[in-house]
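> Sequence:
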Amino acid sequence: MKEARLLKILVEEKGLVKLLKTIGAGKAYPTRELLTKLGAYGYGHKMLLKAEKRGLVDRKSVKNKIFNKLTEDGKKLVKLAREIGVCI
Numbered sequence: 002m003k004e005a006r007l008l009k010i011l012v013e014e015k016g017l018v019k020l021l022k023t024i025g026a027g028k029a030y031p032t033r034e035l036l037t038k039l040g041a042y043g044y045g046h047k048m049l050l051k052a053e054k055r056g057l058v059d060r061k062s063v064k065n066k067i068f069n070k071l072t073e074d075g076k077k078l079v080k081l082a083r084e085i086g087v088c089i
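Following the working numbering, the numbering of the sequence shown begins with 2 at its first residue and continues without gaps.
Just to be clear, a hint being listed does not mean it is correct.
The calculated DMTMM-like cross-link candidates involving lysine to aspartate or glutamate, where the alpha carbons are at most 25 Å apart (straight line), are [said to hold, decoys possible]:
{"#": "1", "residue 1": "Lys9", "residue 2": "Glu73"}
{"#": "2", "residue 1": "Lys47", "residue 2": "Asp59"}
{"#": "3", "residue 1": "Lys3", "residue 2": "Glu73"}
{"#": "4", "residue 1": "Lys38", "residue 2": "Asp59"}
{"#": "5", "residue 1": "Lys15", "residue 2": "Glu34"}
{"#": "6", "residue 1": "Lys76", "residue 2": "Glu4"}
{"#": "7", "residue 1": "Lys47", "residue 2": "Glu73"}
{"#": "8", "residue 1": "Lys51", "residue 2": "Glu4"}
{"#": "9", "residue 1": "Lys70", "residue 2": "Glu4"}
{"#": "10", "residue 1": "Lys76", "residue 2": "Glu14"}
{"#": "11", "residue 1": "Lys76", "residue 2": "Asp59"}
{"#": "12", "residue 1": "Lys77", "residue 2": "Asp59"}
{"#": "13", "residue 1": "Lys19", "residue 2": "Glu4"}
{"#": "14", "residue 1": "Lys3", "residue 2": "Glu53"}
{"#": "15", "residue 1": "Lys47", "residue 2": "Glu4"}
{"#": "16", "residue 1": "Lys22", "residue 2": "Glu4"}
{"#": "17", "residue 1": "Lys15", "residue 2": "Glu4"}
{"#": "18", "residue 1": "Lys9", "residue 2": "Asp59"}
{"#": "19", "residue 1": "Lys47", "residue 2": "Glu13"}
{"#": "20", "residue 1": "Lys54", "residue 2": "Glu13"}
{"#": "21", "residue 1": "Lys76", "residue 2": "Glu53"}
{"#": "22", "residue 1": "Lys15", "residue 2": "Asp74"}
{"#": "23", "residue 1": "Lys22", "residue 2": "Asp59"}
{"#": "24", "residue 1": "Lys70", "residue 2": "Glu14"}
{"#": "25", "residue 1": "Lys3", "residue 2": "Glu13"}
{"#": "26", "residue 1": "Lys76", "residue 2": "Glu34"}
{"#": "27", "residue 1": "Lys70", "residue 2": "Glu84"}
{"#": "28", "residue 1": "Lys61", "residue 2": "Asp74"}
{"#": "29", "residue 1": "Lys28", "residue 2": "Glu14"}
{"#": "30", "residue 1": "Lys22", "residue 2": "Glu53"}
{"#": "31", "residue 1": "Lys3", "residue 2": "Glu84"}
{"#": "32", "residue 1": "Lys19", "residue 2": "Glu84"}
{"#": "33", "residue 1": "Lys9", "residue 2": "Asp74"}
{"#": "34", "residue 1": "Lys77", "residue 2": "Glu4"}
{"#": "35", "residue 1": "Lys51", "residue 2": "Glu34"}
{"#": "36", "residue 1": "Lys70", "residue 2": "Glu34"}
{"#": "37", "residue 1": "Lys38", "residue 2": "Glu13"}
{"#": "38", "residue 1": "Lys38", "residue 2": "Glu73"}
By construction, these hints were calculated from the structure, which means they are not laboratory data.
Please model the complete structure; the sequences and the hints are all you need to start from.
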């Protein structure tokens with residue numbers, strides 16, 4: 002059932018997949034740095050909030066920055082996108 006939900010996100014939200022691939026499985030990115038790297042400030046922030054709502058991104062506030070890191074579901078979605086060959 003969870004795989005079906007991830008596939009649905011993969012098909013419907015290609016911008017979200019690009020955002021998750023940009024974050025990657027490594028370190029946590031500050032929001033400003035992430036959106037600059039992504040190249041989409043307004044739209045990218047909305048996608049980031051949507052990813053958090055769907056449980057794909059974990060956001061933590063440290064001092065005056067918010068750090069974004071992939072959750073296990075986010076990592077699975079990126080892995081699934083690579084296996085299927087969704088190139089964004």
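> Now, for every hint given, state plainly whether the structure supports it.
Each hint tested on the structure:
Taking the CA atoms of lysine 9 and glutamate 73, the gap is near 17 Å; set against the 25 Å cutoff, the hint holds. As the CA atoms of lysine 47 and aspartate 59 are separated by approximately 15 Å, the hinted pair is consistent with the 25 Å bound. Simply put, lysine 3 and glutamate 73 have alpha-carbon atoms about 12 Å apart, close enough for the 25 Å limit, and the pair holds. A C-alpha spacing of about 18 Å is found between lysine 38 and aspartate 59, which places the hinted pair at or below 25 Å, so the restraint holds.
The straight-line distance between the Cα atoms of lysine 15 and glutamate 34 is roughly 21 Å, inside the 25 Å bound, and the hint therefore holds. For the given pair, lysine 76 sits about 12 Å from glutamate 4 by alpha-carbon distance, which is consistent with the 25 Å threshold. The suggested pairing of lysine 47 with glutamate 73 holds, with an alpha-carbon distance near 21 Å, which does not exceed 25 Å. Between lysine 51 and glutamate 4 the CA atoms are separated by roughly 18 Å; this keeps the pair inside 25 Å, and the hint holds.
Taking the CA atoms of lysine 70 and glutamate 4, the gap is about 20 Å. The hint holds against a cut of 25 Å. A distance of roughly 15 Å separates the Cα atoms of lysine 76 and glutamate 14; the hinted pair therefore holds under the 25 Å criterion. Note on lysine 76 and aspartate 59: the hinted pairing holds, with a Cα-Cα distance of about 11 Å set against a maximum of 25 Å. For a cut-off of 25 Å, the pair hint linking lysine 77 to aspartate 59 stands: about 14 Å separates their Cα positions.
The suggested pairing of lysine 19 with glutamate 4 holds, with an alpha-carbon distance near 19 Å, which does not exceed 25 Å. Between lysine 3 and glutamate 53, the direct Cα distance comes to roughly 16 Å. Compliance with the 25 Å bound is thereby established for this hinted pair. The straight-line distance between the Cα atoms of lysine 47 and glutamate 4 is roughly 24 Å, inside the 25 Å bound, and the hint therefore holds. The suggested pairing of lysine 22 with glutamate 4 holds, with an alpha-carbon distance near 18 Å, which does not exceed 25 Å.
A C-alpha spacing of about 16 Å is found between lysine 15 and glutamate 4, which places the hinted pair at or below 25 Å, so the restraint holds. Restraint check for lysine 9 and aspartate 59: the C-alpha separation of about 20 Å stays at or below 25 Å, so the hint holds. For the suggested pair lysine 47 and glutamate 13, the alpha carbons sit about 15 Å apart, so the restraint of at most 25 Å is met. Taken as a hint, the lysine 54 and glutamate 13 pair is honoured in the structure, with Cα atoms around 15 Å apart against an allowance of 25 Å.
Distance restraint check for lysine 76 and glutamate 53: the Cα-Cα separation of roughly 13 Å lies within the 25 Å cut-off, and the hinted pair is therefore satisfied. Proximity of lysine 15 to aspartate 74 is assessed by CA-CA distance (about 16 Å); at most 25 Å being required, the pair is judged to hold. Distance restraint check for lysine 22 and aspartate 59: the Cα-Cα separation of roughly 14 Å lies within the 25 Å cut-off, and the hinted pair is therefore satisfied. Taking the CA atoms of lysine 70 and glutamate 14, the gap is about 18 Å. The hint holds against a cut of 25 Å.
Restraint check for lysine 3 and glutamate 13: satisfied, since their Cα atoms lie roughly 15 Å apart, inside the 25 Å limit. Restraint check: the Cα-Cα separation between lysine 76 and glutamate 34 comes to about 20 Å, which is no more than 25 Å; the hinted pair holds. For the given pair, lysine 70 sits about 21 Å from glutamate 84 by alpha-carbon distance, which is consistent with the 25 Å threshold. Distance hint between lysine 61 and aspartate 74 is fulfilled; the C-alpha atoms sit about 17 Å from each other, no more than 25 Å.
Among the hinted pairs, lysine 28 with glutamate 14 is consistent with the structure: their alpha-carbon atoms are about 23 Å apart, no more than 25 Å. Under the criterion of a C-alpha separation no larger than 25 Å, the hint pairing lysine 22 with glutamate 53 is consistent with the structure, at around 15 Å. About 17 Å separates the Cα atoms of lysine 3 and glutamate 84, which keeps this hinted pair within 25 Å; it holds. For the hint linking lysine 19 to glutamate 84, the alpha-carbon distance of about 15 Å falls within 25 Å, and the restraint holds.
Taken as a hint, the lysine 9 and aspartate 74 pair is honoured in the structure, with Cα atoms around 13 Å apart against an allowance of 25 Å. Between lysine 77 and glutamate 4 the alpha-carbon distance is near 9 Å, which keeps this suggested pair within the 25 Å criterion. Restraint check: the Cα-Cα separation between lysine 51 and glutamate 34 comes to about 18 Å, which is no more than 25 Å; the hinted pair holds. Using a Cα cut-off of 25 Å, the hinted pair lysine 70 and glutamate 34 holds, with the two alpha carbons roughly 13 Å apart.
Among the hinted pairs, lysine 38 with glutamate 13 is consistent with the structure: their alpha-carbon atoms are about 23 Å apart, no more than 25 Å. Pair hint lysine 38 plus glutamate 73 holds up; C-alpha atoms about 22 Å apart against a cutoff of 25 Å.
The structure fails none of the hints (numbered hints given earlier).
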